[in-house]
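> Listed below, chain by chain, are the residues.
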Amino acid sequence: MDIDWGWIGEHTDTLTEHALIHLRLALLPVLFGLVISLPVGMLCRRWAWLYPPALTVSNIFYAIPSLALFMVFIQYTGLTASTVMIPLTLYSLSVLVPNVVDGLASVSDPVRQAATAMGFGPLRRLLQVELPIAVPIVIAGTRVAAVSSISLVAVGQLIGQGGLGYDIIRGYQLQFQTQIVAATVLIVLLALVTDAILVTVQRLLTPWARARMTS
Amino acid sequence: MNELWNQIDLFWTWLTTSSQWHGGDGIPHRLLQHVYYSGVALVCAAVIGLALGLLVGHTGRGGFLAISLANVARAVPTFGLVLIVVVIEYSITPVLVALVALAVPPILVNTFEGIRGVDADAKDAASGMGMTGWGVLWRVELPMALPLILLGMRTSAIQVVATATIAAYPGFGGLGRYIIDGLARNDYQLVVGGTVLVVLLALIVQAAFAALRRLLLSPGLLGSARSS
Chain A
1 MDIDWGWIGE HTDTLTEHAL IHLRLALLPV LFGLVISLPV GMLCRRWAWL
51 YPPALTVSNI FYAIPSLALF MVFIQYTGLT ASTVMIPLTL YSLSVLVPNV
101 VDGLASVSDP VRQAATAMGF GPLRRLLQVE LPIAVPIVIA GTRVAAVSSI
151 SLVAVGQLIG QGGLGYDIIR GYQLQFQTQI VAATVLIVLL ALVTDAILVT
201 VQRLLTPWAR ARMTS
Chain B
1 MNELWNQIDL FWTWLTTSSQ WHGGDGIPHR LLQHVYYSGV ALVCAAVIGL
51 ALGLLVGHTG RGGFLAISLA NVARAVPTFG LVLIVVVIEY SITPVLVALV
101 ALAVPPILVN TFEGIRGVDA DAKDAASGMG MTGWGVLWRV ELPMALPLIL
151 LGMRTSAIQV VATATIAAYP GFGGLGRYII DGLARNDYQL VVGGTVLVVL
201 LALIVQAAFA ALRRLLLSPG LLGSARSS
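If you're matching them up, the sequences are chains A and B in order.
Positions 1 to 215 (UniProt numbering) are the ones given, in order, by the first sequence.
Positions 1 to 228 (UniProt numbering) are the ones given, in order, by the second sequence.
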């Protein structure tokens, strides 16, 4: 494999710019996904019959190729960033909703009863006991969603949304290996750094879980 | 709602046009290509993921390394990988390599977690009854980890079926051909047609795994395991 280091040196600026666009396109959907899946997960916990249909819907989205989902959304949103971000939000939901539900379900009954016994109402119990205990599992889902979202955004270039996918496709059209390799490696790095940041966030949010997680 | 009916109508006219059913551009040929790519990738991934997951889960060593590797593999954009390797050597192998890379992590992680999660008392009881390491692995750990392992394989299979559409971009056919062609010619009917076929294929995969679960899982475990 021949890497043209000179080209990479000359194009650091554009590559950085594309990486930033890439990150924005990939991570905003995960953020939206989190905002949506938290209440949905809580509702599924409250009314258990909601969970199987929610799971089926999210599984179906999972089965639609990203490219096709982008195409479907072109009909509604045109060639805009939303055309990439709405499908990615749907993908992230298919990971996040089950994890929120599992996370809330991982709170043991004695803990729940203790909270009630201390006079916590349902809302306060949810916010101060159940959600904090669910954090590690929710963040585990967020990590998977973020990493796959970062790698999926590359396909968004097929409908002209830029990011590092631009360099992958441009490099393919020019049969110029360096550009494809540089963009792919950058995407991997972005994903790994994001993952590491989320691990740190999880540690900071759940100091009490640290002993248990490392054992 | 009207919009949705239009799409169903579009799909149906496309599907029932007889010219769609013959030759190298026909649905049967493209479908077979798609199933072939996905199948080969999935079998390779299952062999790699299962072997590594069983080894790491059983010995309890290298778990951190296995999970980290799986994470890195998940981070590699399949699209970039396909195109890099296709630029170096134009053949279907790179596409398969990329699909395998995509499919290994869920299988590996679930196998590892499944084996690791097997109750220590059950394992002790098995070795107490005189089972060897292999015996414990095959007759206790594997059957008990099976629900999670099958779940991982199903996730992989669905992802691979959905992602194999990418094979069409460098020109290897499969159902993605319809989506890419539809995009190039602004022919919405083709896009909808290709997408619906991929989704149907994924639903069949899902049903197949549900059946497999019933067939393979020991009856004693059916009640307790998660049903998703």
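What the hints contain is simulated information worked out from the structure, not anything from laboratory work.
It is possible that some hints are incorrect.
[Unchecked claim] Covered by chain B, according to a simulated footprint, are these stretches of chain A (three or more residues, beta-carbon under 8 Å): (1) 6 to 17; (2) 35 to 45; (3) 180 to 186; (4) 189 to 201.
We put the CB at the ideal spot given by N, CA and C, even for glycine.
> Now tell me if each hint is right for this structure.
Hint check:
Residues of the segment 6 to 17 of chain A lying with their CB closer than 8 Å to a CB of chain B number 0, which falls below the three-residue condition for coverage. Coverage of the segment 35 to 45 of chain A by chain B is violated [criterion: at least 3 residues with CB-CB distance below 8 Å; count 0]. Figure legend: the segment 180 to 186 of chain A, annotated as covered by chain B; annotation consistent (4 residues with Cβ-Cβ distances under 8 Å, at least 3 required). Coverage of a stretch by a chain is defined here by at least three residues with a beta carbon nearer than 8 Å to that chain's beta carbons; for the segment 189 to 201 of chain A and chain B the count is 3, and the condition holds.
Checked against the numbered hints listed earlier, the structure breaks hints 1, 2; every other hint is satisfied.
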